[in-house]
Amino acid sequence: MSGSEVIIVGGGVTGLSAGWWLARSGVKVTVLDKFIVGWEASGRNGGGASHYSSPLFDEEQRMWPQMDELLGYPTEHQKGRILIAMTERQWEQYRFIAERHTRLNHPVELLDVKQVQEAVPLAGDNCFGGVHYKFGGHANPQRTVQAYAWALQDLGGKIVQHSPVVGFETAGGKVTAVKTANATYGCDAVVVAAGPQIPQLMAQLGVDVPLAAARAEMIITEPAPMMPLGGVDGHKIYGRQTLRGNLAYGGGPHEWLDVDATGPAARPSTPLARNLAKRLAELLPKAAHLNVIRSWAGVIENSPDGRPIIDRLTSPDNVVVASMSSVGFGLSPASGHAIRDLVIDGKCSFADIDILKLSRFDGLEKDWREKRGWMPIA
Amino acid sequence: MDLNFNGTDLCAINGTRSAPEARYDLVVVGAGPSGIAAAVAGAKAGQSVLLVDENPISGALMGNDTPLYFGGRMTTATQNSDRMLEAIFMSMPELEAAMEAGVELLLGTTAWGVYRNGPGVQSLPDQVVGLADRDRSWMVGFDKIVIATGARDLAIAFPGWNQPGVMGAAALTMLLTRYDAFAGRRLLVLGSHDLALETALLALEKGLEVAALVEVRDAPQGSAALVDKLKAAGVAIHCGQSIKATKGGLDGVEGATLTDGTEFTCDTICVAIGLVPSIELVDAMHGPRTLNAQRGGYIPAGEPNVEAVGICAGLPDTGFDHVAYRMDWVRAALKTNAPDTIICQCEEVTLADLIGVQPPHYLDRPAAIQARSLNTLLQDGPANPDQIKRLTRSGMGVCQGRRCRDQVAMLLAIESDKPFGTIPLATHRAPVRPLPLKILAEWDEPAAMDAAWDVWFGIPTQWVPVEDIGTPQEDAHREMLYTGMYK
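Chains as they are written, first to last, in this note's numbering: chain A, 59 to 436; chain B, -9 to 477.
So that you can see chain A by itself, here it is in the shape it has in the complex (with noise of 0.2 Å):
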């Protein structure tokens, strides 16, 4: 396929790795974005790179530690996570997950109070243990998005932002085109990897794509001692010390919303931020002094079983279609390979993807947000 254009509709980190990807192969490759690169969720995550429940796991893990290189911008990965018990359930529960790492293969190790304070000196002596990963780790999920975005550059890819697509040209069972409010870019092929609004886009094609958005949200504080492990986790918290010391956590209950064609209409932080920070304050006691300096919110969309969607359609045939579910970040190095190899090999070359495959959904009910409670707040 070299040579050949290909548009990705979406420039957020899944959009942005897969052109990475064409473009290391040869292909010419245009990225479309509604405003600037990784401004939606791939620029508002957590920064966790540990999806062991991923068929993309081991292609995450390898790709991780190169990212930097290859890319040739700065993305703050860092090695290994840690998770802390903070209740006698939680550790049962975490000691559950430390054996199926163990059954799996996954290199980890159970921490007593001393090691976890160890590893993590903010942690206090009224946690009741920890799983290290030996696995896994964390990035900026800003300076990553923008390095995508620079190396597609670098290797000739275009980025253009401030730009939403408002439809497709079609013929002959292919997507010809596809079409801004100001231009339209013809193609060989065409990724949607456009988020919450992917379902609005992928019906213009006449293809049901099961998707529901919802807003979740973070708090920062002022910047911390650097610890020896930055990527801990627990009591129903994710986060990660950034390379300036900061303590960036999320987690909690989100909220179902409608997104229309057009995108998220705001990303409204709310008091939440006081409940995640009485956990952060819990999971991290010698933090607790620490200022919180900002709060945020992102907008995420999930599938009817939580799982990515990576697949080429039949018809179409020339259209990959990818959303990863709410949890996309980490995952990029390796969905953006997988989404290459849809797009020039027609499969995945690394892994087996079929879980992830549309057709999964044929037969889901109409209904299915409304059954799952998956609806916004009338």
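Please keep in mind that the hints were generated in silico from the structure rather than gathered at the bench.
Please note that a few of the clues may not be correct.
[As the list claims (entries may be wrong)] Taking lysine to any residue pairs in the SDA-like style, the calculated list, with each CA pair at most 20 Å apart, reads:
id : chain 1 : residue 1 : chain 2 : residue 2
1  : A       : K424      : B       : N(-4)
2  : A       : K237      : B       : G371
3  : A       : K294      : B       : W433
4  : A       : K429      : B       : N(-6)
5  : B       : K134      : B       : N(-6)
6  : A       : K415      : B       : V456
7  : A       : K294      : B       : N(-6)
8  : A       : K216      : B       : P372
9  : B       : K428      : A       : P343
10 : B       : K477      : A       : E428
11 : B       : K477      : A       : E423
12 : B       : K134      : B       : L281
13 : A       : K92       : B       : N374
14 : A       : K216      : A       : P343
15 : B       : K196      : B       : G224
16 : B       : K477      : A       : D425
17 : A       : K216      : B       : E11
18 : B       : K428      : A       : A346
19 : B       : K477      : A       : R82
20 : B       : K428      : A       : W354
21 : B       : K408      : B       : S363
22 : A       : K216      : B       : G371
23 : A       : K216      : B       : L364
24 : A       : K415      : A       : W426
25 : A       : K216      : B       : L368
26 : B       : K408      : B       : G292
27 : A       : K344      : B       : G292
28 : A       : K294      : B       : E469
29 : A       : K92       : B       : D376
30 : A       : K92       : B       : P372
31 : A       : K216      : A       : R82
32 : B       : K477      : A       : R427
33 : A       : K415      : A       : Y110
34 : A       : K92       : B       : G224
35 : A       : K92       : A       : K294
Starting from the known structure of chain A, fit chain B onto it as the hints suggest.
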């Protein structure tokens, strides 16, 4: 194990939030003259009124130049909060009158966020304002909120501005008039518009020395009467000048040199080139705002239940173009500031790093990133301060961008050759004051919140390892990690 959907997502926010701890017809934020007047008017009309004011500010916040640009020039007296509470109360006799009119008054209480239902959120039980004192935070509901948060200092960078003793006019006025806690003796004042003239005259009245005023334009900008009064007091205004260099020591500023080489000895440089209406609360709640150069920059556009009053709603319009004036200062600074002049003090972002869109110094700068700059970024679209912030970290620090937000917006406008205002202002976020985790925390949250709390969406199928799908391990996973959902 099949999932048994029952129409309820146990991990959704619906119905999990606490109700506000109290509710008032009217909440007024800021107990300056305008805020007090609004509160008293409400009380006299029979409304239940809560008036909050963040003063006395804790020494720790002052040290972070919050909410005003104190520049480390407060005396140790500000560490004594009881003494400061008394000083504040004594300095505002109107407060007692307001309380007599039935206004409930909370000093030392900051309003850090206003929340309401709207686009993207429908889960709030009420429209609420988040409050905090030195012990805790809580939420208060309201029918109407009046924002009377005043205006804060506009800071601009010059060589050595990142040391104690460089401060703003509003902070100086606050320390002189309400706290009686200013630690300097001899001031150099930047600016010659009314703000600078009035600040210099106040300093003289309080027995301080004013070394001189410095004006970037060719003539004094303020009212002739004030200029004459200052000249009569023997204070010169050096026009067509800005700061070329500063001298400093352990205690900060010791002197300054103007672009024409004139040297001054001073322990404080008071930046008095402009005030910026304090719109943080309005902006963080996505309230409408508008740019009005004659009224000090971005001001709240106003809406029925969220009213801005006093200079928070805009400086008095005297026809003076504040934005053009500030831009002159920034343009002059661009001529004298070295590339390594710090723009964002918290994150130590230099002018060169800001314009070069370079990452912080703890990261490597491979050749590819050194080739990137604002110019290459502009080829992808207009500059956006929030994007610049993500890449350079300017504005990401503990002062929450108070010292650099406005100048970054001006620098981006100048560097991208666009008028100020076409470049958006970096967004404000709640909490609009730095708040310790233990203060912000809702320690007594409702049980429903904890019951709904999952690390992510709580979708039972989302995190099952692909190897385990369809095996007994999947059931075990669900049993252990998801209690109740779709059972």
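So, going through the hints one by one against the coordinates:
At most 20 Å may separate the alpha-carbon atoms for a hinted pair to count; A:K424 and B:N(-4) meet this at roughly 15 Å. A threshold of 20 Å between alpha carbons decides the hint, and for A:K237 with B:G371 the separation of about 19 Å falls inside it, so the pair holds. The suggested pairing of A:K294 with B:W433 holds, with an alpha-carbon distance near 16 Å, which does not exceed 20 Å. Among the hinted pairs, A:K429 with B:N(-6) is consistent with the structure: their alpha-carbon atoms are about 9 Å apart, no more than 20 Å.
For the proposed pair B:K134 and B:N(-6), the alpha carbon gap of about 44 Å is over 20 Å, so the pair is violated. Taken as a hint, the A:K415 and B:V456 pair is honoured in the structure, with Cα atoms around 14 Å apart against an allowance of 20 Å. Taking the CA atoms of A:K294 and B:N(-6), the gap is near 24 Å; set against the 20 Å cutoff, the hint is violated. Using a Cα cut-off of 20 Å, the hinted pair A:K216 and B:P372 holds, with the two alpha carbons roughly 16 Å apart.
Between the alpha carbons of B:K428 and A:P343 the distance comes to roughly 9 Å, so the proposed pair stays at or under 20 Å and holds. For the hint linking B:K477 to A:E428, the alpha-carbon distance of about 16 Å falls within 20 Å, and the restraint holds. Proposed proximity of B:K477 and A:E423 is supported: the alpha carbons are some 19 Å apart, at most 20 Å. Proximity of B:K134 to B:L281 is assessed by CA-CA distance (about 24 Å); at most 20 Å being required, the pair is judged violated.
Between A:K92 and B:N374 the CA atoms are separated by roughly 14 Å; this keeps the pair inside 20 Å, and the hint holds. With a C-alpha separation of about 47 Å, the suggested pairing of A:K216 with A:P343 is violated against the 20 Å cut-off. With a C-alpha separation of about 16 Å, the suggested pair B:K196 and B:G224 falls inside the 20 Å cut-off, and the hint holds. The straight-line distance between the Cα atoms of B:K477 and A:D425 is roughly 19 Å, inside the 20 Å bound, and the hint therefore holds.
For the hint pairing A:K216 with B:E11, the CA-to-CA distance comes to about 52 Å; that exceeds 20 Å, so the pair is violated. Of the pairs offered as hints, the one joining B:K428 and A:A346 holds, with about 5 Å between alpha carbons and a cut-off of 20 Å not exceeded. For the hint pairing B:K477 with A:R82, the CA-to-CA distance comes to about 46 Å; that exceeds 20 Å, so the pair is violated. Pair hint B:K428 plus A:W354 holds up; C-alpha atoms about 19 Å apart against a cutoff of 20 Å.
With a C-alpha separation of about 17 Å, the suggested pairing of B:K408 with B:S363 holds against the 20 Å cut-off. Only pairs whose Cα atoms come within 20 Å are accepted, and A:K216 paired with B:G371 is accepted, the gap being roughly 12 Å. Among the hinted pairs, A:K216 with B:L364 is consistent with the structure: their alpha-carbon atoms are about 17 Å apart, no more than 20 Å. At roughly 18 Å between alpha-carbon atoms, A:K415 and A:W426 fall within 20 Å of each other, so this suggested pair holds.
About 14 Å separates the Cα atoms of A:K216 and B:L368, which keeps this hinted pair within 20 Å; it holds. For the hint pairing B:K408 with B:G292, the CA-to-CA distance comes to about 27 Å; that exceeds 20 Å, so the pair is violated. With a C-alpha separation of about 42 Å, the suggested pair A:K344 and B:G292 falls outside the 20 Å cut-off, and the hint is violated. With a C-alpha separation of about 17 Å, the suggested pair A:K294 and B:E469 falls inside the 20 Å cut-off, and the hint holds.
Taking the CA atoms of A:K92 and B:D376, the gap is about 16 Å. The hint holds against a cut of 20 Å. Under the criterion of a C-alpha separation no larger than 20 Å, the hint pairing A:K92 with B:P372 is consistent with the structure, at around 13 Å. In summary, the hint linking A:K216 to A:R82 is supported, as the alpha carbons are separated by about 13 Å, within the 20 Å threshold. Pair hint B:K477 plus A:R427 holds up; C-alpha atoms about 17 Å apart against a cutoff of 20 Å.
Straight-line distance between C-alpha atoms of A:K415 and A:Y110 comes to about 19 Å, which keeps the hinted pair within the 20 Å bound. For the hint linking A:K92 to B:G224, the alpha-carbon distance of about 59 Å lies beyond 20 Å, and the restraint is violated. Between A:K92 and A:K294 the CA atoms are separated by roughly 33 Å; this puts the pair beyond 20 Å, and the hint is violated.
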